[in-house]
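Enquirer: If you read the protein sequences in the order shown, they are chains L and A.
Numbering of the first sequence is given in the numbering used here, commencing with residue 6 and proceeding in unit increments.
Numbering of the second sequence is given in the numbering used here, commencing with residue 6 and proceeding in unit increments.
FYI, nobody ran anything at the bench for these hints, they're computed from the structure.
Honestly, I wouldn't trust all of these hints.
Just so you know, same-sequence chains aren't split out, so a pair can sit in one copy or run between any two.
[What the hints assert, rightly or not] The calculated DMTMM-like cross-link candidates involving lysine to aspartate or glutamate, where the alpha carbons are at most 25 Å apart (straight line), are: (1) Lys95 <-> Glu162; (2) Lys387 <-> Asp27; (3) Lys95 <-> Glu198; (4) Lys70 <-> Glu162; (5) Lys8 <-> Asp202; (6) Lys164 <-> Asp186; (7) Lys177 <-> Glu317.
Remember, it's a predicted structure, so these values are computed and weren't measured experimentally.
Spelled out, the chains give:
2 protein chains.
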Amino acid sequence: MTKQYHPLTEQEAIAYARTIPDLFAPQAELDCREIGDGNLNLVFHITDRSSGRSIIMKQALPYAKVVGESWPLTLDRARIESEALQLEGKLCPNLVPRVYRYEPELALTVMEDLSDHIIMRRGLIERRVYPLFAGHIGHFLARTLFLTSDLGMNQQEKKLQQKRFVNPELCKITEDLIFADPYYDAPTNSFDEAIRDEVEAIWSDSDLHLEVARLRHGFLTNAQALLHGDLHTGSIFITEQSTKVIDPEFAYYGPMGFDIGAVIANLLLNYAGQEGWSPDAESRAQYRAWLLQTVRGVWETFEREFRALWNEQLVDRMSATPGFQDIYVEQVLRDTIGYAGCKMVRRVIGLAHVADIDRIDDAAAKERAQRLALAIGKALIKHHRSAASIDDVTRIVERETAAR
Amino acid sequence: MTKQYHPLTEQEAIAYARTIPDLFAPQAELDCREIGDGNLNLVFHITDRSSGRSIIMKQALPYAKVVGESWPLTLDRARIESEALQLEGKLCPNLVPRVYRYEPELALTVMEDLSDHIIMRRGLIERRVYPLFAGHIGHFLARTLFLTSDLGMNQQEKKLQQKRFVNPELCKITEDLIFADPYYDAPTNSFDEAIRDEVEAIWSDSDLHLEVARLRHGFLTNAQALLHGDLHTGSIFITEQSTKVIDPEFAYYGPMGFDIGAVIANLLLNYAGQEGWSPDAESRAQYRAWLLQTVRGVWETFEREFRALWNEQLVDRMSATPGFQDIYVEQVLRDTIGYAGCKMVRRVIGLAHVADIDRIDDAAAKERAQRLALAIGKALIKHHRSAASIDDVTRIVERETAAR
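The whole structure should be built from the sequences, with the hints applied where relevant.
Expert: Next comes the structure, spelled out in structure tokens:
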């Protein structure tokens, strides 16, 4: 098989897997199935019939397809993804799939198979409860963000690391779809006619636009830490016991709050979606209470572990000034709340939606869910700069829920 | 002559100059003199005896010497310097020396000779007046900062440009000497025993440290625009009619206010130095009034032209939201004032001082100048986040001057 880039066939994927030492026995009979959605990547699932051992091979395609549109996309994202996975794996060994091999020519990453996990978004739609999730993801966020920032790593090495994760094409997707298109009548937008009144109100809300402009500017300039860059519940594999963060192809140096906000936004999108998924008011209230408790738990774990890392592993003398840690953490909280709001709004009126809301069959319930998600998102964006505690988020969510 | 890196002799410099087409006639008799201080670079001044035509060849040395200390320093800074000069030259053709050639192997830049100009710091010490300076440098700052930022250039190209200007070693010098060492008893510090009381007060002033920590953090993370990175009056060649910015080897993507603040700080350091240079109170007041008027003129020209560029050449849709320009400019002003303060403090108690104060012979006058510079610097740092206008700077300067 030539190593010049070309999309692999299932047979070529098997042949490639056999070249990796210690993965499969030489005589192993391997089955291969391509299980990706074909929008951005090929995903090969390769299984050894006798041992049952399996791996995943993910190959980047030279284009992106979103909702029928297709545009060229750099293969360098495969390098960024595999390097980010390996770095995250060093910092949080149990919270990302292990990487067995990265093949630059083929834009191919060979990694641990997580088929015993499910995509968290599906789990939430099925109204499952993950008692360990907040602790796991809070730990992941604290360690990956602190230890790649100027607080936790050598500041000259950080600059070189930042250079390796310059990621213009993937950042552009975020800049357009999250921080611009939802706020005017962009051709990429996609929303139900039922909520056009609310969408048009957003297009003309210049107080909201001012806050989004600030958050967009932070995304463009604030090189605080190496982000996952796309940390929604579709980028998380989960079981009751285990959490695995996948797909960091949007990784770049940006504001810490963008990653934390992504997690919180996606929990709250499911919260809104419970208009359609919960069988009755009581179970809706119950599941929502768990979601809100999880939002709080994500932030509280992040904050506790981030502060502990600061107290134990700070490399920056000036940042040890009494009071600076509080100022810093408060700013991360504010960013988190603002970015969470942006990520909610765009999932209702922008190009890419979430199944938590879009797959609701009942039109009235779906509309209620969309309006609730927009109301929470807008309120988070408008409030973000004056937030003082994670309580502000639960208060806003409860207020907007009660108001409907 | 081999092109493998080695420090050139004057004869080799002449031989190299002859290889550049259209610079000198083939039969020209060339004289060469090495005129650098030997701390960071060799600087060859090459003249054609008959035509009088001359050029400068600047070659980076693989080390830095500051006050007797010597440490290795990357030759890549020659590339950064020549690329920054060429970029600045495109944006402000009359405000930087023209670059004729860059030779990467030799870390060598061949450029316009500016011997008819003098170093601005010398001009200020001689109490000369430059009526066009504020307009020139304000124009330079507005264009170089706006047009390299996410406001004025394609945001994906900006990321790639930022990657080319990752500059860890030179940034480290700034991070240490400006944003850390002056605030504790660091071995690099250097100050007169006469002001030890004031220095120790700075070391224990944790309110001051908090503000410096914020500004340091901005320097480390806020990739707003391509900075010159070392824009003091020793990096400016000047005549009454002409201003030329040189030596951008510290260029990197950072906060706009750092460059503007550098210019203002160095005008104010000379203001403080007038304790020693002005022959009498009246002429001191007069020259200081010109310096303050120039500080104001630098900011006002910057602001006027920056806003004009914004109104005419903005590439960022969300930033066009009414009100965002005011928010942005106010933040740049605040950063400018904070960074100006940091740059004043470090020039009195840190490793590298300025001749405007250090060369004052009269010990009492020198001490007054040092105390005044520190008082202004501290006040600017502490006030920076609440500043609303450039008037705040003149008010602080006049208050601290009157208080002594």
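Enquirer: Work down the list of hints and note, for each, if the structure agrees.
Expert: Quick rundown of the hints versus the structure:
1. Lys95 <-> Glu162: Result: close within a single copy only, 16 Å intra versus 31 Å inter.
2. Lys387 <-> Asp27: neither (54 Å within a copy, 61 Å between copies)
3. Lys95 <-> Glu198: Close neither inside one copy (47 Å) nor across copies (49 Å); limit 25 Å.
4. Lys70 <-> Glu162: between (35 Å within a copy, 23 Å between copies)
5. Lys8 <-> Asp202: neither (53 Å within a copy, 69 Å between copies)
6. Lys164 <-> Asp186: between (31 Å within a copy, 21 Å between copies)
7. Lys177 <-> Glu317: between (36 Å within a copy, 23 Å between copies)
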